[in-house]
Every structure is written in C-alpha cells, then in structure tokens.
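Quick mapping for you: the protein sequence lines, in order, are chains A and U.
Residues in the first sequence are numbered consecutively from 852, following the numbering used here.
Residues in the second sequence are numbered consecutively from 152, following the numbering used here.
Honestly, the hints are just simulated from the structure, not real lab data.
Remember, predicted model here, so these are calculated numbers, not experimental data.
Don't be surprised by glycine CBs; every beta carbon is placed ideally from N, CA and C.
Mixed in with the good hints, there may be bad ones.
[Unchecked claim] Partner residues are not named here, just some residues of chain A that face chain U (Cβ under 8 Å, in silico):
1. Tyr1006
2. Tyr1008
3. Val1009
4. Lys1085
[As the list claims (entries may be wrong)] Chain U is nowhere near these chain A residues, computed Cβ spacing over 10 Å in every case:
5. Lys859
6. Trp911
7. Leu915
8. Thr1066
[Stated by the list, open to error] Below, in silico cross-link-like pairs of lysine-lysine (DSBU-like), each with a Cα-Cα straight-line distance of 35 Å or less:
9. U/Lys202 with A/Lys1086
10. U/Lys339 with A/Lys859
11. A/Lys1085 with U/Lys202
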Amino acid sequence: MNYNWHWKVLLEMEPGGTGTYLHYLLVGLLWTLATALAAWVIALAIGAAVGTLRTTPLKWAVRLGNLYVEIFRNIPLIVQMFLWFFVMPELVPQGLGDWIKQMPPPWGSYVPAVLCLGIFTSVRVAEQVRAGIQSLPRGQRLAGIAMGLTEAQTYNYVILPQSFRIILPPLTSEFMNIIKNSSVALTIGLLELTGRARAMQEFSFRVFEAFTAATVIYLLTNLAVVLLMRAVEKKVRVPGLIAAAATPQAGH
Amino acid sequence: MSGFDFDVIERSLPYLFREGMTFTLTLTALAMTGGIVFGTLLAMMRLAAFKPLSMLAGAYVNLMRSIPLVLVIFWFFFLVPYIGAWVLREPNPIKVGTFWSALITFTMFEAAYYCEIMRAGIQSIARGQVWSGYALGLNYWQTMGKIVLPQAFRNMLPVLLTQTIILFQDTSLVYVISATDFLGAASKIANRDYRLVEMYSFVAIVYFVMSYGLSTLVRRLQQRIAIIR
C-alpha cells in the first residue's frame, strides 16, 4: 500500500499551541476517563437501585424499573446524546434551559455527555444486578427471613454482598464499554480521545498515524482496567465461592 | 413546547423513510449476513487446533472489541480507499461511497461480536457429535456444516438476533461520516429547517418502537425454543 508513514508528527506542535500532538491526544484520554468515571458513578448508583427494585415483590416498582430499562435500552446511544444536548434544554423551564445552553466549553458538552452515558449504562448495570441477584439460590433469601431479618436487612447483609461479587466480571466489561462509548460524545463536540484523533487527522493530514496512536492508547487503557479489576476481584473474593460461569451475551 | 411543529415531520416523512430508513435497514441486513458468515469463520479459526490460526483470529476479535466503534468507522472510512487501490492495483486511493465504507466497517466490526456468540454456540455442542460425524466418514467441513453449525446456530439464535438489534441501533453512528441513514436524514432536515427538537424526538420514538418490537419478537422466539429443548 502506498502510504508514507511519518511518525514524527506525534512530536510536532498542534495548531492550538498547547503542546505536541501526543500531548494533545493524552489530554483527550484524560477527558475520556473523566467522562467515563463520572458517568460510571451515575450508572452504578441508578443501576444498583433499579436492578435491586426489579427483584423485589413490589409489583409497581418492578413495572417502573422495566419501563426505565426498556426506554433507555431501545434508543441508540447517539440519539440519546442528541436528546440530552439539543432537546433537553428546550423542554426544561426557560431559565434553566438558557443556563445549560450558555455553559462554557467543554462543560456544555461534558455535562450532557456524562448524564447520557451514565443513564445509558445504568440500564445495563441494572440488568446485571438483577441477573446477579436472581442467580442466588432462593434459600439465601428464605434463610435471611427465617433468621428474623427484615426484607431490607436481607438485601443489605445477605443478597447484595454476594450478588455484587458475582457480577464483578460483567461490571468490568461494562466499565470498558463506558470508556469506548464515551467516544460518541464527539458528536456533541466533546474533544475526547477519538475526537482529538479526528481533529489531529484534520490538522496534520496524518490519518493513520493519528488513528494508530488513538488505537494503541485505547488498548493500553483496556489493559490497565483489566489488570486493576482482576486485582479487585482477587481482593473481594469469598473463599469457597465459585463465581458463576459467564453466559454469552449480545452487546459491546 | 408551544412552538412544537409537527408539520415538519409530516413533510419530511417520505425522505426520512425512503432515503434514510432504507439505508439503515439495508446496511443492517447486509452487515448482519456478512458479519455472521465472517464471524462463524472466525469462531472456527479460534477453535482450530492449529495455534497460529487461532491466535490470529483471537487477536483480531480482541482488537475489534477493545476500540470504540466510532474509531473503527473512522479507520475504515480512510483505510478502505487504500485497500481498494491495492486490490485493484490502482496507483491512487480509490473513491468509496459512505454506504460501502459503512457496510465494510460494520461487517468487520460485528463479525468480532458474532464470532464470540458462535464460539459459545459451537462449544455448547457435545464432543460426541463431532466424533460420530468423523466416525461416519465425514470430513471437517461436512461435520461442521451438517452437524455442528446447524445446532450451534439454532442454540444461539436469540443471542444472534439480540446482537442484530444492537447492530441496527449502532448503524446510526454512520452519522460521523455524514451518511444519510435514518438519523442522518433527520439531522439534515433538522438543521435545514432548524427543527432539532421535533426531529430528534421523532427519531428517538421511531428507533424505540422498532427496537422494542424486535426485542419482543426475540423474547417470544426464545420462549418457544426453550419449550422444545
């Protein structure tokens, strides 16, 4: 193939004058991580609550949880991004809407991106939490009740500590998904890693150097997450418990 | 809310569906077919006894699953013209339309996900099935094609279809290369007439209805298969 590689471009200055292109991309990685981590907090909080609610005997709570999951699972992520970025500020009271629209960059795209990714991922976390709880033998819940614990105590001391350990591996892959999915925020103007690789390609015309560099950075980030989570899994493992075997799942 | 203009949706319906939705559905159907075929081949490679082959397939699948789809779309958008020139022995990168670029991207990308599903499907088949195939005098391709794959495919059908619904939603990301899929068409109208709220809400509703409908069908199928087994 006729392509003249020019790797030194990574050490050249980017037109904004903030530093080299490599530095420019690494700042992009920081934005990717900042978006993913903030969204992960939202996803875990809502996901754990909705997933748990859907296993309770409360009919209305189960229905509400199902509705929430179906809505945010069946709309493409990029469309949800547009809803948060373009549509939401128009639907809230005008004062709030104007305030949102006047947020200075990059916050004007960062905040909607975090909300969007957090809620999008919370649905998937909720599914994992529910599956984790339902994978426990019924006897666990019954034993808790028999010991005189209330419903809430049974969840708190018996069910949730076990199910969260079971779902750690799928949660790890959800966290890697949130890192990858944060790239969709480039469509609403957030200059995260993929967005910056795209911008670098436009400034420097070095297409494949830019995308190769971004690819390598993503691979290294994934590796770091995997190693970190493996350490966490080891630390919280209950001796004698075998984690449930992973079943094949559709997804990213 | 007072200025909500439903008229713009009605006016653009033919364009949205005839141009946009046709693009989306064609892309989904072709990428699903190509992705399942290529993904099944990858799964067979991953399970091959010949180590370099399984490592190659494993590396491909892991690479595709580690980077964002948006980045993959960009990669192929710029890479396909060069590969085309190399295949056709042209001196300069050839011109490739957004549809073909998107089709190649989604086939190659989704194949990695279909591969993992098919691999689990093949591994769910009892080993004795393969042995009895060989005992009957069938070769590798006959055993795979007539015994293992039909069963694996059937076992994994609900997961394969769920992955296809995800593919259907993901095709909306071709927005980043300015293709006129359903979202792209809506976005063009939205920006031309400055009706972003109406158009994007409408897009969300249409995607929701279609994905929800499809996933309900998949769930029903899953229940029917579950009774038979």
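Cross-check of the supplied hints:
1. A least Cβ separation of about 27 Å between A/Tyr1006 and chain U goes past the 8 Å threshold, and the interface hint is therefore violated.
2. Checking A/Tyr1008 against chain U: minimum C-beta separation of about 34 Å lies over 8 Å; hint violated.
3. With its C-beta approaching chain U no nearer than about 30 Å, A/Val1009 sits outside the 8 Å limit, and its interface hint is violated.
4. Checking A/Lys1085 against chain U by beta carbon gives a least distance of about 22 Å; that is not within 8 Å, so the hint is violated.
5. Consistency note on A/Lys859: stated as away from chain U, and its beta-carbon is indeed over 10 Å from all of that chain's, at 20 Å minimum.
6. The claim that A/Trp911 is not at the interface with chain U holds, since no C-beta of that chain comes within 10 Å of its own (minimum 21 Å).
7. Against chain U, the non-interface label of A/Leu915 holds: every CB pair exceeds 10 Å, the least being about 17 Å.
8. Chain U draws A/Thr1066 into its interface by the beta-carbon criterion, the shortest separation being 5 Å against a cut-off of 10 Å.
9. Note on U/Lys202 and A/Lys1086: the hinted pairing holds, with a Cα-Cα distance of about 34 Å set against a maximum of 35 Å.
10. Distance check on the hinted pair: U/Lys339 and A/Lys859 sit about 39 Å apart at the alpha-carbon level, beyond 35 Å; violated.
11. Proximity of A/Lys1085 to U/Lys202 is assessed by CA-CA distance (about 30 Å); at most 35 Å being required, the pair is judged to hold.
Of the numbered hints stated above, those contradicted by the structure are hints 1, 2, 3, 4, 8, 10, listed in ascending order.
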